[in-house]
Structure formats: structure tokens, C-alpha cells
Amino acid sequence: MDQDRGNWYLLTALILGLTLGLIYTWVISPVSQVDTHPSSLRVDYKDIYRSLISRAYQANNNLPRAKARLDLMDDDEPAMALAAQAQRFLAEGGDNEMAIILANLSADLQSAESAKNTPIPPTTGIDSTGTGPETTEDKEENNQETTSSPPREPVSTSTPVPTESPPFILQDSSPICDPTLGESLIQVVATNGAGDGIPGVEIQVSLGTEPKETFFTGLKPELGLGYADFSAEPGLTYQLEIPESGLIVSEIDIPACQNESEDSYWGSWEIYITHPN
Amino acid sequence: MSRWTLFSLVLLLGLGLGLLYGWVINPVSYQDTTLDSLRIDFKTDYTLMVAEVYHQTNDLDWAMNRLTLLRGKTPLNIIDEALKFAAQAEYTLPDMFLLRDLHNALKETD
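Sequence order for the protein chains is A and B. The first sequence runs 97 to 373 under my numbering. The second sequence runs 283 to 392 under my numbering.
Keep in mind the hints are simulated off the structure, nothing from the lab. If you're wondering where the values come from, they're calculated on a predicted model, not measured in any experiment. C-beta atoms are modelled at their ideal positions from N, C-alpha and C, and glycine is treated no differently.
Computed list of lysine to aspartate or glutamate pairs in DMTMM-like fashion (alpha-carbon distance at most 20 Å, straight line): (1) K142(A) with D167(A); (2) K316(A) with E193(A); (3) K142(A) with D314(B); (4) K366(B) with D131(A); (5) K355(B) with D131(A); (6) K142(A) with D318(B); (7) K316(A) with D191(A).
Simulated coverage check for chain A against chain B, where a stretch passes if three residues somewhere in it have a Cβ under 8 Å from a Cβ of chain B: (8) 135-145; (9) 149-161.
With the C-beta cut set under 7 Å, the calculated list includes, among others, these residues of chain B facing chain A: (10) L293; (11) G296; (12) G300; (13) L301; (14) W305; (15) Y312; (16) D314; (17) T315; (18) L317; (19) F324; (20) E334.
Start from the sequences, fold in the hints, and give me the full structure.
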């Protein structure tokens with residue numbers, strides 16, 4: 097080679113070597129895709145994982161275990177993630193049962209969270225940790241835990257039996273004018289005798305002879321566990337039914353409203369249902 | 283040392299640095315992974331969840347369907363591996379029983 101070319105060839109060699117190295121490590125032979133964490137799962141697999149957690153919770157009624165499992169997903173707010181998944185599931189035409197299962201776990205997580213603030217008398221003699229699946233990372237962080245230790249509390253294997261509840265009664269059904277809502281909604285709030293919201297209540301809405309659409313309370317926990325809404329179209333008359341109670345609310349018409357500057361807008365409709373006791 | 287030798291040495295140095303960077307310092311970060319790539323402890327817990335649901339529903343088709351998502355092995359092999367790991371990790375007896383119940387049910391259909 098010509099000695100007058102200087103040392104640029106060395107830089108060329110270095111860049112070429114680096115490039116080949118990076119192509120090999122990032123494209124040809126990247127770090128093997130094994131031993132991954134549930135938080136890195138693709139969105140659809142995360143949905144499957146959450147669904148399975150919810151079904152397992154329905155089977156064993158072990159909330160600490162379900163919570164520990166959900167924590168593996170690294171969702172910012174697990175209860176909201178479950179509720180959002182339930183809504184997505186319904187919107188995509190999934191079966192109602194799965195949506196209810198997801199909503200129930202979401203609601204129970206919310207309830208447990210709010211109950212944390214209530215003082216609980218100390219228990220004795222029973223280890224009620226009921227922790228969920230620990231990981232080797234946990235072990236590294238805390239040597240008191242064993243590697244990947246399974247939940248330490250025996251799972252409840254009894255079949256959950258739905259609680260017998262009295263039928264819902266209609267408390268109020270009326271048009272409302274609220275410009276802050278931004279759209280016309282049929283809003284439903286289901287409460288028990290103590291005024292607490294009840295999630296998972298199935299509501300069917302129909303329009304004349306058209307097929308019924310189903311929605312559930314508790315899918316928007318940020319608005320209350322007993323809250324549900326349905327986007328309604330002005331000028332149509334809806335009928336709403338609570339199948340479990342045989343309660344029917346008819347003649348639901350979106351009202352025409354006026355704001356302070358006398359501009360017209362479409363209002364909403366609110367319905368309150370409750371258990372009588 | 284000839285320029286070609288020097289060139290080759292620096293090329294190898296660059297290659298080494300590239301491998302170090304791509305495999306150790308900044309390896310490919312996996313998002314959007316699938317269930318079959320889960321670590322064995324998570325796979326075992328996944329299998330345990332299926333066993334918990336199976337215990338309540340006795341729906342073997344559903345259980346097999348869920349286990350099949352952990353691709354690459356038969357449901358029976360998957361639960362075999364889960365049982366082995368559960369024993370090593372000292373899962374509680376009730377959990378072991380749940381896994382064994384599902385294992386036995388799958389074996390009967392095998």
C-alpha cells in the first residue's frame with residue numbers, strides 16, 4: 097500500500113469492525129429471546145395473561161395472589177387496566193362472561209384499595225400473606241424470599257357462589273342538562289342499600305325492535321364502581337333493562353338543553369337503581 | 283508490521299467492541315414477546331393458573347387450549363415441566379395437588 101495515505105485506513109477498519117459487530121449482535125444473533133418477564137409480553141398476550149389471572153381469581157378467590165400476579169404486568173394501575181380490557185373485550189364483541197370476570201377483579205382491587213384506609217384489628221396465629229408468584233429478581237432484591245416461590249397460602253378451592261341479592265328497584269330516571277359531559281349519555285348508577293356502588297351489573301339497552309346492546313357497571317371505576325354509561329343518539333327513544341331484576345326503564349329520550357348563552361345542545365339521561373335494603 | 287496486518291487487527295478490535303456493545307452494553311431489548319418465551323417460574327405460575335381454573339370448571343378443552351399457547355411442547359410436557367419446577371421451588375401442597383390433578387386429567391386423554 098501507498099505509505100502516503102496516512103492512517104485513515106485504521107479508522108476505516110475500526111468503523112467496519114464495529115459495524116460488522118453490531119450487525120451480528122443486533123440482527124444476525126441477537127440476545128436470545130428466552131426467560132422473558134410478563135411485562136414484556138405483546139399486548140394481546142398481556143390480555144390473555146390478565147384474563148387468566150381474573151379467571152384464576154374467580155376460581156380461588158385469593159385477592160393477594162391475583163394482585164401479585166397483576167403486579168408482574170407492570171401496569172400503572174392494574175384495576176384500570178382490567179377495566180379497560182373488559183371494555184375493549186365488549187367493544188370487540190367478546191363474551192359477556194369474560195368481561196364480567198375482568199370487571200369483578202377490577203372492582204375487588206378497587207374495594208381492597210379503599211379498604212386499606214380502614215383500620216383492621218390484628219389477627220393472630222395465621223400467616224395470611226397470600227403472596228403471589230415471586231421471581232428470581234425478587235430474590236436478588238430480598239434474600240428472605242425463596243426463588244420463584246409460589247404463593248405460601250393454600251388457595252381456596254371452593255367454587256364461588258354468587259351472592260343472592262334482592263332485585264334492583266328504580267330510584268330515579270330523569271333527563272339532565274350537563275354541558276360538561278360533551279356527549280349524550282344514558283348514565284346508570286347502581287348502588288346497594290348503604291349507597292355503595294355495585295360493579296358487574298348487566299344492563300341491556302334497546303331501541304325499538306333493534307337488538308339489545310349490553311354494558312356493565314364498574315367498567316369505569318374512576319367514575320364509581322356502580323357507574324355505567326351508554327352513548328345515546330338524540331331523537332331516539334331507548335329502553336333499558338336490568339335482566340337480573342327484570343327491571344325495565346322505558347321512554348328514555350335525550351333532552352334538548354340550552355346553556356347560559358342560550359345555545360342549544362343535547363343533554364343526557366340519568367338512571368339510579370338500588371337494592372331496597 | 284504491514285498495513286494489512288494493522289488493518290486486520292484494528293478491524294478485529296472494532297468487531298470485538300461491536301460485539302461487546304451489542305451483546306453486553308446495549309443488547310436488543312425485547313418487547314412484544316410471546317408466552318412461550320416466559321421464564322420457567324412465570325410459565326409454571328401460568329400453568330398453575332390454568333390448573334386453578336380447571337379445578338373449578340373441569341373444562342379440559344379450555345385448559346389444553348390455554349396450555350397450547352405456551353407453544354413448542356405438548357400440554358402434558360408443559361405441565362410435567364411445571365411440576366418439576368414447582369417441586370424444586372417448594373410450592374405449597376394444595377398448589378401441587380392442583381397441578382397434579384390437571385396432569386392426571388391430561389394423561390388420561392393422552
